[in-house]
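Quick note, the sequences are listed as chains B and C, same order. Our numbering applies: residue 179 is where the first sequence begins, and numbers increase by one. Our numbering applies: residue 701 is where the second sequence begins, and numbers increase by one.
These are calculated hints, taken from the structure and not from any lab test. Treat the hints loosely; a few may be bogus.
[What the hints assert, rightly or not] Okay, derived cross-link-like pairs now, DSSO-like style, lysine-lysine, Cα gap no bigger than 30 Å in a straight line:
1. C/Lys-808 x C/Lys-827
2. B/Lys-197 x C/Lys-849
3. C/Lys-930 x C/Lys-900
4. C/Lys-843 x B/Lys-197
5. B/Lys-195 x C/Lys-900
6. C/Lys-775 x B/Lys-195
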Amino acid sequence: MRMMRLIAMREYAENVKTKGFWAGILLFPLILVGVFFFQTMLAESTPTRHYLLIDQSGQYGEAVDAAIRQEQQRRILQAFVDYVLENRLAANPEQTPARANSQIDQFIDDVGVDEVAGLDQWLESGGLDFALTMATPYLREDAPAFVSPREQFVLAPLPEGVNPDGDPEQIIEQLRPWLTGERALTVDGQSSNLFALILIPAQVNGAIVRPGAAALSANTTNNGIQYWASNLTDTRLPNAIERSINNTIRSNEFVSRGVDVQVVRNVQRTRMPLSRLDPRKAEGQEAVSVADTFRQWAPVGFVYLMFISLMQSVQYLLSNTIEEKSNRIIEVLLASVTPLELMMGKLFGIGLSGITTILAWLLSFFLFIALYPGTETELISQFFNVLLSSDLIPYFIFYFLAGYALYAGIFLAIGSLCNTLKEAQSLMMPMMMILIVPLVTMTFIAQDPNGPVARIMSWIPLFTPFTMMNRAAAEPPMIDVIGTTIVLLLTIALVLWLSGKIFRQGVLRTGQPPRIVEVLRMLGHKH
Amino acid sequence: MRCPFSSPCLLGLIEKECAVQEHVLELNRVSKHYGKFTAVDDISFAIPTGSIYGFLGPNGAGKTTTIRMILDILKPDTGSISILGESCALNVRHRIGYLPEEKGLYKKMRVWAIISYFATLKGMDKKTAKARAFELLERYGLKDYAEAKVESLSKGMGQKVQVLSAVAHRPELVILDEPFSGLDPVNQEVLEQLIQDMAKDGQTVIFSTHIMQHAERLCDRMLLIAKGQKIFDGTLADAHAIIPRRVTLECQGDISAVMKSADVLGAIERFPDIPSRAFGSRHWELQIKEQADPQQILQCCFENNIALTRFDYTQPSLHDVFVHLVGSEAREHSLR
């Protein structure tokens, strides 16, 4: 026991000192922080986009303006919803839409369900000023003042020498250097690139497409309203313009056909709610909350975590065994301890460092949420509450340890047979293929946790830890839980026993890795 | 024989045990086969407590296999081994120190830490092990490297560290497999000193080597094996007795008068590589009896008016014995 502890402690101490270990520990929080900060940074750092509007038809300029105003309002609305979520009093993650009782929840829910309708309502009820008045009672006292996002799309003055009433093709030719970024605009004394040109030709109405009638225009590429921009990825502006102009055309159409526009708008905003209900829950609480959905999907995260952590530990175990073997340190060790003590010491030491990594990840996760309150993290903290309150954590701990013992045994045996990592690669290949399977089926099993594939895979010991973790939230049948656990534990005992045999004989081998027959002979060997 | 324990209350009991244990190690008809290849063939020998024992033999003779069997890393196919009074080295492994033939250490560990780690694996407690590591490093000239990482050491220094880590726990029996290979002459001397220090403390040291000078300087007894078979087992004097002693003569003319002396067993004439340089003198190697007095032969030369240009009396070196015993086989082996 003492020897095993000494070996385990050395393995742990040495592993903790490696760069790889710290890279593994720090990478996860870095990615976490990176994703959120980068997103926020991107959102804030998007430069002001200057556009040009040339409306030769004189009919749609207003609609384009409206579209851009609306886009800005949409961003304010989004920012406001985020702001409210961030600063309101004691958010309850179990809150479901059905039980929403305050106006503010209703408002957030409306935006969540149907942004367009929410936006209409927002504009109709008086926009930001009204919303702030409404929301104030529900906010924390120390909440900072709301800051509207700055305008993103700004109309730029037409460069000199361009005639807005000229031939469209000529205008494009003249403006091309600005559009391609060769020349920059000067707006308020600052130089800025032209983001987009919206050109509405005089005869644009001829391009309107109506059901049943093919468009007459021969030129189909720059048909209708022309939106010129070299940035192809930011489609918010063209989408908003298209939507707005179509709305204008449609209301014109309604008017020309004698239909009341207000009636149409009311009809469009009519909707039927759909409640998602969970039959397993107590009466009155059947509604599916965000937290419930999380609970269903959380195991997928755990499977992934398990996979990454297992891979890391097992790889280290392998390379470490090979190092000792190729250095012949193993001989000194075996003159001091038994092969079994050595093997178990390694198993525990590296296992401990695997657990340390996971704990460090969870801790950084906690810290991140504690130190960085925001809308995105609001969701994550809900996720976290769910995890802590459910029995997923004990499941995870059990299946992680079981999976580790199983795979570590196998990889230790492989390591003991090889003298170089290169030799190990070929023996590792089949194991890697097997390890990939639970990762590939991860999403599928989460959707059908008690289906035939999930059940069959649960009974294959190599997949049991992953698949059962995957199914943990779906309350799998008792026979599956207990049965697979027994099979798994028996398999672990068998694997450790057999790999102990291989390890004992393998560690002192030199030369080529053995053929299958030799490995089988090792398994049958009695010490 | 010196007992490693000094506590008076234990003395009576231990002395009895020590008395029983005249031999720290005994091999009885031990053999080991790898498939059809016989690595060790029916070897028996015993090592008295407190001696320095040389384990000699050409490359591939079976030295390492024998050592591994002694340490219970390998199981002998037949025969029995008794080590420190036990049949299995595992039971007494804390009283044994072992340096394997191929040297290697954890590259990322610090020098003192690795010595103390191996000592703790042998049952020392951590604090004592650390103090012992620093003590050894200071005594054998590695004090400045105590905090260095093993990977920054040169090969020879690494090997010294490994020797220290093998003996840090003051084992009763130290087994060193090729401890001198890769060391410069200065460090070879340091290592010889270490071995002698341990023997002085009553520890038994077994080391294998194929460099005879070390064995000649250090060993009380030695074992010579070749092709897995025991060829010689005995003291240095026994070994020297194997080859008759020799006298080298260089003279003009005939030595038949000397040949008649009862002490001379035979003579071989050696021919120089470049005959013109010999200036007509001839070169003889006389084999003489074990008890013969070389003075008598010199006397005999004077009496018979043999004009000597050279008279050499040399004791055959262990090297000569080695070559004599396994020379033809070893050469054959290496050419194969």
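Hint by hint, here is what the structure shows:
1. Between C/Lys-808 and C/Lys-827 the alpha-carbon distance is near 21 Å, which keeps this suggested pair within the 30 Å criterion.
2. With a C-alpha separation of about 16 Å, the suggested pairing of B/Lys-197 with C/Lys-849 holds against the 30 Å cut-off.
3. Taking the CA atoms of C/Lys-930 and C/Lys-900, the gap is near 28 Å; set against the 30 Å cutoff, the hint holds.
4. Of the supplied pair hints, the one linking C/Lys-843 and B/Lys-197 holds, its CA atoms being roughly 28 Å apart against a limit of 30 Å.
5. For the proposed pair B/Lys-195 and C/Lys-900, the alpha carbon gap of about 41 Å is over 30 Å, so the pair is violated.
6. The hinted pair formed by C/Lys-775 and B/Lys-195 fails the criterion: a straight-line CA distance of about 37 Å is larger than 30 Å.
Of the numbered hints given earlier, the model fails hints 5 and 6; all others are met.
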